[in-house]
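So the sequences go chain by chain: E and H.
For what it's worth, this note's numbering labels the leading residue of the first sequence as 1, then goes sequentially.
For what it's worth, this note's numbering labels the leading residue of the second sequence as 1, then goes sequentially.
These are computed hints drawn from the structure, not numbers from a lab.
Fair warning: this is a prediction, and the values are worked out from it, not measured in the lab.
Beta carbons: idealized from backbone N, C-alpha and C, even for Gly.
A hint or two may mislead.
Label-pair distances were calculated between CB atoms; the ranges are [said to hold, decoys possible]:
(1) H:Leu36 <-> E:Lys114: 31 to 39 Å
(2) H:Lys13 <-> E:Pro111: 40 to 48 Å
(3) E:Ser75 <-> H:Val117: 18 to 26 Å
(4) H:Glu110 <-> E:Asp76: 18 to 26 Å
(5) H:Glu50 <-> E:Asp38: 40 to 48 Å
(6) H:Asn53 <-> E:Asn53: 22 to 30 Å
(7) E:Thr168 <-> H:Leu105: 46 to 54 Å
(8) H:Glu154 <-> E:Glu165: 53 to 61 Å
(9) H:Lys109 <-> E:Asp10: 49 to 57 Å
2 protein chains.
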Amino acid sequence: MERHADQEFDELKQELVQMATLAEAAIGSAIQSLLLRDTAMAAEVMRSDEVINRLELVIDERCLRMLALYQPEASDLRFIAMALKINNDLERIGDQAVNIAERSLELFKEPPLKPLVDIPQLTQLVQAMLKQSVDAFVRRDTALARSICQRDDEVDALDEQVFRELLTYMMQDHRAITRAVNLILVSRHLERVADHATNIAEDVIYLVEGQQIKHNVLAELDKPASPPEA
Amino acid sequence: MERHADQEFDELKQELVQMATLAEAAIGSAIQSLLLRDTAMAAEVMRSDEVINRLELVIDERCLRMLALYQPEASDLRFIAMALKINNDLERIGDQAVNIAERSLELFKEPPLKPLVDIPQLTQLVQAMLKQSVDAFVRRDTALARSICQRDDEVDALDEQVFRELLTYMMQDHRAITRAVNLILVSRHLERVADHATNIAEDVIYLVEGQQIKHNVLAELDKPASPPEA
Numbered sequence: 001m002e003r004h005a006d007q008e009f010d011e012l013k014q015e016l017v018q019m020a021t022l023a024e025a026a027i028g029s030a031i032q033s034l035l036l037r038d039t040a041m042a043a044e045v046m047r048s049d050e051v052i053n054r055l056e057l058v059i060d061e062r063c064l065r066m067l068a069l070y071q072p073e074a075s076d077l078r079f080i081a082m083a084l085k086i087n088n089d090l091e092r093i094g095d096q097a098v099n100i101a102e103r104s105l106e107l108f109k110e111p112p113l114k115p116l117v118d119i120p121q122l123t124q125l126v127q128a129m130l131k132q133s134v135d136a137f138v139r140r141d142t143a144l145a146r147s148i149c150q151r152d153d154e155v156d157a158l159d160e161q162v163f164r165e166l167l168t169y170m171m172q173d174h175r176a177i178t179r180a181v182n183l184i185l186v187s188r189h190l191e192r193v194a195d196h197a198t199n200i201a202e203d204v205i206y207l208v209e210g211q212q213i214k215h216n217v218l219a220e221l222d223k224p225a226s227p228p229e230a
Numbered sequence: 001m002e003r004h005a006d007q008e009f010d011e012l013k014q015e016l017v018q019m020a021t022l023a024e025a026a027i028g029s030a031i032q033s034l035l036l037r038d039t040a041m042a043a044e045v046m047r048s049d050e051v052i053n054r055l056e057l058v059i060d061e062r063c064l065r066m067l068a069l070y071q072p073e074a075s076d077l078r079f080i081a082m083a084l085k086i087n088n089d090l091e092r093i094g095d096q097a098v099n100i101a102e103r104s105l106e107l108f109k110e111p112p113l114k115p116l117v118d119i120p121q122l123t124q125l126v127q128a129m130l131k132q133s134v135d136a137f138v139r140r141d142t143a144l145a146r147s148i149c150q151r152d153d154e155v156d157a158l159d160e161q162v163f164r165e166l167l168t169y170m171m172q173d174h175r176a177i178t179r180a181v182n183l184i185l186v187s188r189h190l191e192r193v194a195d196h197a198t199n200i201a202e203d204v205i206y207l208v209e210g211q212q213i214k215h216n217v218l219a220e221l222d223k224p225a226s227p228p229e230a
C-alpha cells in the first residue's frame, strides 16, 4: 500500500510535468505561428487546447483519488492540494496560447508590421520560467522558485518596452494601429504566462515553508480583515 | 465531530463568498476610480489586493485542515478540492482589479478620451457573473452555472465591440492612441474576470455531474494523448 502511494506520487509529478510541457509547447507553437505566419499552426494550437483541458481533469481526478485513498498527512496533503492549484494555472497557460493564436490569425490579415525581436525573447524567458516553476514544484526546490519570482520583473520590463515601442509605431502611421494593438495583446498574454509561473513558484515556497508564512498571515488576520488597512 | 465538520463546511462557504465579494468590490472600485478619475481610489484598490491574497491563504489552510481532520468522502472531498481551485480563480480576479487600477492611473495622465458607456455595462455583466458563479458553487446549482457559461459569449461580444470602437478612435486621431490602448486593456481585463467566473461555473458542473464527465474524458484519453489530435 505504501509503495502504491509512492508510485501515485511519481505519476502525479510526471503528469504535472507533462501538463507543463504541453502548455510550454502550446505557447511556443503560438509564437512560432506568429513568426512564420503559419495559419495551420495557429489553428492547431487552438485545437490542441482540448488535450490540455482533458489532462487537467485527469490530474484533478488523480489528486481526488489520492486524497480519498491514502488520507495523506501534513506535507503530502499540502503537496496534493498545491498540485490542484498548479494544475489550474497550467490550464490557464493553455488558454493564453489560444489567445495568442487568435491574435496571430488577426495579424495575418495584414503584412508584417516589423521584424519581431523582443517578443521571441520574451517568449524564451517565459517558457523557461514555466518549465522551471513546475520543476521547482516536483523537486520542492525553493531556491529555484525564488529565482523565478525575481525574473517576473524582467518580464514586466520587457513587456513594457514592447508596449512603448509599438505605441510609437502607431503614432507615426495610423495604418500600423490594428497590428500594433494585436502585438501589444500578444505581449500581454506572454506576461500573463509569466504571472502564472510566478504564482506556481510562490505555491512552491508556500508548500515548503508554509508553516511560518501561515503563522504570520493568521496573526495579521486577527485584525479586522475587511475593509483592508482601514 | 460530525457537527463540527458541518460547521467548517459552512465557514468555508462563507469565506469563499467573502472572497468573491472582495474580488467583486475590487473590480467595481477599479472601474469607479476610472470613471470618477479618482487616483486615491485606484491606489486603494492596489493596496487592498493584499487582503484578498491573505484570505486566499486562510481558505487554503482551512481546506487542508478539513482534508486532514475529516477525511471526507466522495462528494465532500470533491467540494473541498474545487474550493481550492475556485479560491485560486478568485485571487486572480483580484489581480485583474489591480491591473485595471494601473491602467486607470495611466489614463489620468491625459483628459478623458470619450464618455465610457460599454465599459460600465461590461463591468456590471462581469460582476454579476462573478457573484453568481460562487453562489452556484455553494448551492451546487448547475442550472445557474450553465447560465453563467452562456453569458461568457455576451461578454466576449461586448469586449470585441469596445476593441473595434477604440480602434476607430485611434485611426481618426493619433493623440487618442495611448488612451485607447489603455481602455482596450481595461476591457480585456474585465473579459478575463468573466473567464475566471466561467471557469468557476464549469467547476460547479464538474463538481455535481463529475462522474459522467470524467468517464467520457478518461475513455477518450485511452487514445494517445500527446501529440493532440495528430
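Verification of the supplied hints:
no.	hint	result
1	H:Leu36 <-> E:Lys114: 31 to 39 Å	holds, 38 Å
2	H:Lys13 <-> E:Pro111: 40 to 48 Å	violated, 54 Å
3	E:Ser75 <-> H:Val117: 18 to 26 Å	violated, 53 Å
4	H:Glu110 <-> E:Asp76: 18 to 26 Å	violated, 54 Å
5	H:Glu50 <-> E:Asp38: 40 to 48 Å	holds, 43 Å
6	H:Asn53 <-> E:Asn53: 22 to 30 Å	holds, 27 Å
7	E:Thr168 <-> H:Leu105: 46 to 54 Å	violated, 21 Å
8	H:Glu154 <-> E:Glu165: 53 to 61 Å	violated, 34 Å
9	H:Lys109 <-> E:Asp10: 49 to 57 Å	holds, 53 Å
Of the numbered hints given earlier, the model fails hints 2, 3, 4, 7 and 8; all others are met.
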